[in-house]
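A.B. asks: Now for the letters of each chain:
There are 2 protein chains.
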Amino acid sequence: MRGQGGYRLYETLRQSSLTDVRQAIRQGSYRSHTAGLGQGYLQANLAIMPEAHALDFMRYCQRNPKPCPLTGVSDTGNPKLFTMGRDIDIRSDVPAYNIYRDGRLAGSVTDIGDIWQDDFVVFALGCSFTFERALEQAGLPLWHIQNNTTVPMFRSNIETVPAGPFRGKMVVSMRAIPEGRVAEAAAISRAYPLAHGAPVHWGDPAGIGIADVSKPDWGDAAPVPEGHVPMFWACGVTPQVAIEAARLPICITHKPGHMLITDIAEDAEVPVLAPEPEAAF
Amino acid sequence: MRGQGGYRLYETLRQSSLTDVRQAIRQGSYRSHTAGLGQGYLQANLAIMPEAHALDFMRYCQRNPKPCPLTGVSDTGNPKLFTMGRDIDIRSDVPAYNIYRDGRLAGSVTDIGDIWQDDFVVFALGCSFTFERALEQAGLPLWHIQNNTTVPMFRSNIETVPAGPFRGKMVVSMRAIPEGRVAEAAAISRAYPLAHGAPVHWGDPAGIGIADVSKPDWGDAAPVPEGHVPMFWACGVTPQVAIEAARLPICITHKPGHMLITDIAEDAEVPVLAPEPEAAF
Numbered sequence: 152m153r154g155q156g157g158y159r160l161y162e163t164l165r166q167s168s169l170t171d172v173r174q175a176i177r178q179g180s181y182r183s184h185t186a187g188l189g190q191g192y193l194q195a196n197l198a199i200m201p202e203a204h205a206l207d208f209m210r211y212c213q214r215n216p217k218p219c220p221l222t223g224v225s226d227t228g229n230p231k232l233f234t235m236g237r238d239i240d241i242r243s244d245v246p247a248y249n250i251y252r253d254g255r256l257a258g259s260v261t262d263i264g265d266i267w268q269d270d271f272v273v274f275a276l277g278c279s280f281t282f283e284r285a286l287e288q289a290g291l292p293l294w295h296i297q298n299n300t301t302v303p304m305f306r307s308n309i310e311t312v313p314a315g316p317f318r319g320k321m322v323v324s325m326r327a328i329p330e331g332r333v334a335e336a337a338a339i340s341r342a343y344p345l346a347h348g349a350p351v352h353w354g355d356p357a358g359i360g361i362a363d364v365s366k367p368d369w370g371d372a373a374p375v376p377e378g379h380v381p382m383f384w385a386c387g388v389t390p391q392v393a394i395e396a397a398r399l400p401i402c403i404t405h406k407p408g409h410m411l412i413t414d415i416a417e418d419a420e421v422p423v424l425a426p427e428p429e430a431a432f
Numbered sequence: 152m153r154g155q156g157g158y159r160l161y162e163t164l165r166q167s168s169l170t171d172v173r174q175a176i177r178q179g180s181y182r183s184h185t186a187g188l189g190q191g192y193l194q195a196n197l198a199i200m201p202e203a204h205a206l207d208f209m210r211y212c213q214r215n216p217k218p219c220p221l222t223g224v225s226d227t228g229n230p231k232l233f234t235m236g237r238d239i240d241i242r243s244d245v246p247a248y249n250i251y252r253d254g255r256l257a258g259s260v261t262d263i264g265d266i267w268q269d270d271f272v273v274f275a276l277g278c279s280f281t282f283e284r285a286l287e288q289a290g291l292p293l294w295h296i297q298n299n300t301t302v303p304m305f306r307s308n309i310e311t312v313p314a315g316p317f318r319g320k321m322v323v324s325m326r327a328i329p330e331g332r333v334a335e336a337a338a339i340s341r342a343y344p345l346a347h348g349a350p351v352h353w354g355d356p357a358g359i360g361i362a363d364v365s366k367p368d369w370g371d372a373a374p375v376p377e378g379h380v381p382m383f384w385a386c387g388v389t390p391q392v393a394i395e396a397a398r399l400p401i402c403i404t405h406k407p408g409h410m411l412i413t414d415i416a417e418d419a420e421v422p423v424l425a426p427e428p429e430a431a432f
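Which chain is which? The protein sequence lines are A and B, in order. Positions in the first sequence are counted from 1; adding 151 to them yields our numbering. Positions in the second sequence are counted from 1; adding 151 to them yields our numbering.
Rather than coming from a laboratory, the hints here were simulated on the basis of the structure. As the structure is a computational prediction, the values presented were derived from the model and not from experiment. We put the CB at the ideal spot given by N, CA and C, even for glycine. Some clues are possibly wrong.
[Claimed, not checked] Some chain B residues judged to face chain A by a derived CB distance under 7 Å, without partners named: (1) L164; (2) A203; (3) A205; (4) R210; (5) T234; (6) G348; (7) A349; (8) V421.
[Stated by the list, open to error] In silico DMTMM-like pairs for lysine to aspartate or glutamate, Cα to Cα no more than 25 Å straight-line: (9) A/K231 / B/D363; (10) B/K320 / A/E420; (11) A/K320 / A/D363.
Extracted from the complex, chain A is given alone in its bound form:
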């Protein structure tokens, strides 16, 4: 999707309805990142695993709500994530998937219909797009968005609370905020508990075990200009690291940046559609 055609399609989809965006993804004609698409709707990180591990993973999310804000869970074996969309089919409605076998990345695909299992449980987790929009709307431009790069992410020394085989350090993302607006940025993001909530740390990166803030472990480096403070938020890569540590025989996630776009409004109080018996059950 880096070619001319892909970029044109992206620009078209930015102006398109949620239905059109989902169709383009479902049919496989759009396979790239989802930033800026389906504006106004909640996007979600994805983890799919056999039911045997689902209770432990759900406990891991409940115990670590800032890096792992759970927004939806499927019935076992049901690819319809009916609490988050009227017609979401999780086997096709994400632009790209990463497949992990025994904790190692085994490949990326754009459809998982052929490897779907009857014992799979789907988890959707909130992502940072939501609070980033709120910060920018409050007049706090974010460098990585302005410069079209990926937010810098770091392995911190903050332990997550383990559950079963899921454990590890918290991954955090960094955004530099003007000194005088740190408290405001914290308050704005705290209002989005399903999008990582308030930052876990700000100021000296060494305070959470980050040796060099210019050398991220994931994503692209971003400057901390004079008069700015590095602020660190819990990051959705944390569950990915915990999943690798757990070495499940199989686990499927979204490819980073290639999220599930849901039918849930970004400012909804809860990420659940009201029941609609004929569609859902």
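Given the coordinates of chain A, work out where chain B should sit on it, guided by the hints.
C.D. replies: Positioned in the frame of chain A, the structure of chain B alone reads:
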């Protein structure tokens, strides 16, 4: 605990530290309701069930976060609810428990050590005490608290989103709020997503299937004075009704009003203690 001795103990414990309150409950010397005790700390509803039903129940809570705001889940078979307290032993630290067998109340006890099972999973759910305190602090006195009665609760016609055997109508609690302050009361409670959040309805009770607002299905009737609007919040009795519908062979809940008092500050962003390896694991 209705006798003179019980009342004196309650008055003493109202002034006592969290540690002293928990010891009195653990030793069985205090067996009554927990309203007003351990002030400043989060109190929680309780549901304990075999692991075989835990994933479905957890999905039910995730899909119905307003009536069932999940605040803690134990490891299977571990009676220490270590994410919500440094030394909580769930077998003894609740003043009174209800035991359900095949969906029917089979008795109430003050300790469940003798019926604890190695496959039990403990669920703690947020309760209305938190947002009620916030309303009263904003100068909105609540009739049932002022008059020392139980809040009126009603079976509404709002369907919850089912998960496995758990399903049923949402139970709601009613508080009458002065007309001019309805929006304010909604906004205040919305800030407490782990305590039922914003109301699900206000105004005409018939709008959610309540025929007579003076005849609650649970709790005590409360007036809706001239110039007041009945406001309805999702209620923690909802999961109890869903549990009865599921007819589990065994399930244990707190006795209504007799809650778990946790170590979590009432205004904490997330209901999880930071890991303390030696104590927790």
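A.B. asks: Please write out, lowest number first, the hints stated earlier that are contradicted by the structure.
C.D. replies: The structure breaks hints 1, 2 and 9; every other hint is satisfied.
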